[in-house]
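These protein sequences, in sequence, are chains F and E.
For the first sequence, the positions run 1 to 324 when full-length UniProt numbering is used.
For the second sequence, the positions run 1 to 230 when full-length UniProt numbering is used.
Hint data in this document are derived by calculation from the structure and do not stem from the laboratory.
There's no promise every hint is true.
Said to hold, decoys possible - Once the Cα atoms are required to be at most 20 Å apart in a straight line, the calculated DMTMM-like pairs of lysine to aspartate or glutamate come out as:
1. F:Lys302 x E:Asp47
2. E:Lys54 x F:Asp70
3. F:Lys115 x F:Asp82
4. F:Lys315 x E:Asp193
As the list claims (entries may be wrong) - From the derived model, a few chain E residues whose C-beta atoms are all more than 12 Å from chain F:
5. Arg102
6. Cys110
7. Leu135
8. Trp142
9. Pro189
10. Met192
Stated by the list, open to error - So, partial list: chain F residues that the calculated Cβ filter (under 7 Å) puts toward chain E:
11. Tyr98
12. Lys271
13. Arg309
14. Asn313
15. Asp319
16. Gly322
Backbone N, C-alpha and C define an ideal beta-carbon position, used for all residues, glycine too.
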Amino acid sequence: MKMNMQSRNLPLNVFLLILFSFSVLIGCGDGMVKNKVPAENKSLSEQPDSLAGAEPVSLTSSLIIQDEKDLKGYWVGMFEPDTSIDGVYTGEVRAWDYSNKINISIDEINGSNVKGHSVVAGNDRPFTGTFEKAGAAFNFFVKEPGDDKYDGQFSFRIDKGDSTLTGIWIAYGKIRIPQRKYELVKKNFRYDPNVKLEAGRYIDWKKSKKVTDEIDGEPVYDNSYFTTTDEVNKYNASADLLTKDQVANMKKADLFIIRNTIYARHGYSYKDQQLRAYFDMQPWYIPVSTNVKSQFTDLEKKNIALLLRYEKNAKEYYDVFGRG
Amino acid sequence: MKKMQKNIMTFSAGVKKTSHWLWYIALLYFSYLMLLITLQYVPINADVAFLRVKTDVTGLWYYNVAFFTHVYSSMFVLLAGIIQFSSFIRTRFIPLHRWSGRVYVAVIICISGPSGLIMGFYGNGGWIGQLAFCLLAMLWIWFTWKGFFAILSGDLILHKAWMYRSYALTLSAISLRLWKFVLVYLFEPKPMDLYQLVAWLGWTGNLVIAEVFIYFTIGRLYRKRKSIVI
Chain F
1 MKMNMQSRNL PLNVFLLILF SFSVLIGCGD GMVKNKVPAE NKSLSEQPDS LAGAEPVSLT
61 SSLIIQDEKD LKGYWVGMFE PDTSIDGVYT GEVRAWDYSN KINISIDEIN GSNVKGHSVV
121 AGNDRPFTGT FEKAGAAFNF FVKEPGDDKY DGQFSFRIDK GDSTLTGIWI AYGKIRIPQR
181 KYELVKKNFR YDPNVKLEAG RYIDWKKSKK VTDEIDGEPV YDNSYFTTTD EVNKYNASAD
241 LLTKDQVANM KKADLFIIRN TIYARHGYSY KDQQLRAYFD MQPWYIPVST NVKSQFTDLE
301 KKNIALLLRY EKNAKEYYDV FGRG
Chain E
1 MKKMQKNIMT FSAGVKKTSH WLWYIALLYF SYLMLLITLQ YVPINADVAF LRVKTDVTGL
61 WYYNVAFFTH VYSSMFVLLA GIIQFSSFIR TRFIPLHRWS GRVYVAVIIC ISGPSGLIMG
121 FYGNGGWIGQ LAFCLLAMLW IWFTWKGFFA ILSGDLILHK AWMYRSYALT LSAISLRLWK
181 FVLVYLFEPK PMDLYQLVAW LGWTGNLVIA EVFIYFTIGR LYRKRKSIVI
């Protein structure tokens with residue numbers, strides 16, 4: 001039998017090349033392998049603690065204001081810019097407009113003196129001041145300490161026989177939005193493990209920069225990487241113990257939001273702009289504290305640990321050349 | 001007429017040369033990526049990368065042994081492709097081809113293959129994933145053994161055929177990850193659905209290509225030889 005070595009060389013190379021044809025097709029851009037663990041993303045890691053954590057006040061007072069003792073409690077609503085400043089636009093969709101859900105908590109009423117705190121945008125600040133009765137209304141004037149860049153003074157009124165608080169806030173210092181207005185409603189906060197996400201989809205605008213198309217000169221963004229799916233409504237990490245199999249098949253954004261919904265149920269106030277915008281949309285959500293870790297149930301702690309493990313994995317390995 | 005024939009010959013030689021170099025560059029590039037992946041596990045650490053989502057088995061000592069054996073040894077069999085497929089080495093440095101081949105066979109049959117089988121048994125993706133990885137490991141050992149046995153019997157043609165199959169499965173280390181990368185890029189599927197899919201695609205695709213190649217090249221010789229024998 002005669003072996004012809006040379007004649008078989010060409011097909012051999014072709015064979016090996018076909019096995020590798022993808023490499024040519026996709027161009028093998030950089031970043032296919034992440035060898036080094038990237039710096040911890042702030043919003044991915046557990047939310048930072050704050051020393052300014054305040055105990056939730058006991059809420060036994062009536063939601064309809066009849067007399068002074070009913071003033072105490074949580075007043076919740078949107079804290080909106082009171083200037084002509086426009087919203088921030090990302091692509092063609094309005095991602096947020098500088099409005100944040102605020103919780104003005106009136107904690108103590110003593111004669112004409114009032115003490116309380118406000119929780120907004122991951123910032124928990126105390127205030128003290130006075131109030132006066134003017135006919136059928138209570139007029140408040142309270143001040144924040146002034147040692148924080150975003151401190152300022154509130155003036156608002158609450159009408160008798162009503163359940164709303166309206167007013168303005170003026171910053172002490174020069175900040176982007178020096179004046180805000182608000183119309184808040186009195187609400188009771190009660191941790192409910194069964195509360196579910198209701199409105200909208202979470203989209204990570206900062207990361208969704210991949211432009212896939214252009215329509216009339218406007219870029220179209222591909223958000224699927226960073227957008228939640230219907231999965232977030234299927235699982236409740238506060239009520240049920242999640243299994244490894246369930247979590248292993250969840251996409252990045254779903255893992256992230258399912259975990260953060262635990263925080264939201266406990267009234268965590270988010271510093272992260274996108275998470276804030278997302279949970280502010282949930283009608284049940286009330287920012288109560290900047291430190292809710294101590295409130296987590298054992299079940300929630302277990303779920304958080306599991307979700308975090310897979311989030312980290314998804315973040316580092318999902319879209320790179322590698323396993324996992 | 002003669003000139004045209006000459007042109008075709010130069011062209012075919014050019015294609016041959018280019019494909020030759022592209023193959024080496026691609027293999028070296030992907031081997032480099034595999035090295036980066038391997039380095040994630042140096043020094044031995046169970047809290048990184050893939051092992052982070054394998055906590056239910058990283059407590060088993062034999063899983064850990066299998067995992068690190070597999071990760072550290074498999075790098076070398078990949079590089080064997082550079083030496084073993086070179087006709088230059090095969091014709092002028094036969095001892096190098098033989099020794100490198102012995103290492104390739106020994107590492108797969110004794111180290112990488114069995115450790116891969118243990119890992120496959122505890123693989124992710126439920127029975128779908130586990131079946132894929134166990135089959136892959138067993139076929140890998142089997143093909144490699146058949147290729148080794150063929151050359152011991154002096155059967156060059158069969159040796160080639162089985163070794164192509166063996167190396168097609170060796171390359172699944174790369175192709176599986178490439179499939180994953182491309183599928184994520186195109187479709188962004190759910191992670192475990194993806195895992196199960198590439199567990200199969202990763203090596204069956206290679207095997208199909210290898211079979212087609214064997215049929216049209218070595219198979220032709222093989223059939224010819226048979227007809228001579230008959």
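Here's how the hints hold up against the structure:
In summary, the hint linking Lys302 (chain F) to Asp47 (chain E) is supported, as the alpha carbons are separated by about 18 Å, within the 20 Å threshold. A C-alpha spacing of about 54 Å is found between Lys54 (chain E) and Asp70 (chain F), which places the hinted pair above 20 Å, so the restraint is violated. Proposed proximity of Lys115 (chain F) and Asp82 (chain F) is contradicted: the alpha carbons are some 25 Å apart, above 20 Å. Between the alpha carbons of Lys315 (chain F) and Asp193 (chain E) the distance comes to roughly 17 Å, so the proposed pair stays at or under 20 Å and holds.
With a least CB separation of 21 Å from chain F, Arg102 (chain E) remains clear of the 12 Å interface cut-off, as annotated. The Cβ of Cys110 (chain E) lies farther than 12 Å from every Cβ of chain F, with a closest approach of about 23 Å, so its non-interface assignment holds. For Leu135 (chain E), the requirement that its beta carbon stay farther than 12 Å from each beta carbon of chain F is met, with the minimum near 18 Å. Distance check on Trp142 (chain E): its Cβ is at least 20 Å (rounded) from any Cβ of chain F, clearing the 12 Å threshold; non-interface status holds.
For Pro189 (chain E), the condition that its CB be more than 12 Å from all CB atoms of chain F is violated, with the nearest at approximately 9 Å. Non-interface status of Met192 (chain E) relative to chain F is broken: a Cβ of that chain comes within 12 Å, the nearest being about 4 Å off. Interface restraint check for Tyr98 (chain F): the shortest CB-CB distance to chain E comes to about 32 Å, outside 7 Å, so the restraint is violated. Evaluation of the Lys271 (chain F) hint against chain E yields a violated restraint, the C-beta minimum of about 27 Å exceeding 7 Å.
About 6 Å separates the beta-carbon of Arg309 (chain F) from the nearest beta-carbon of chain E, less than 7 Å, and the hint is met. The interface hint given for Asn313 (chain F) holds, since its Cβ lies 5 Å from the closest Cβ of chain E, which is under the 7 Å cut-off. Satisfaction of the interface hint for Asp319 (chain F) is found here, the shortest Cβ-Cβ separation to chain E being roughly 5 Å, below the 7 Å cut-off. Hint status for Gly322 (chain F) relative to chain E: holds, with the closest Cβ pair at about 5 Å, below 7 Å.
Violated hints, listed in ascending order, are 2, 3, 9, 10, 11, 12; each of the other numbered hints is respected by the structure.
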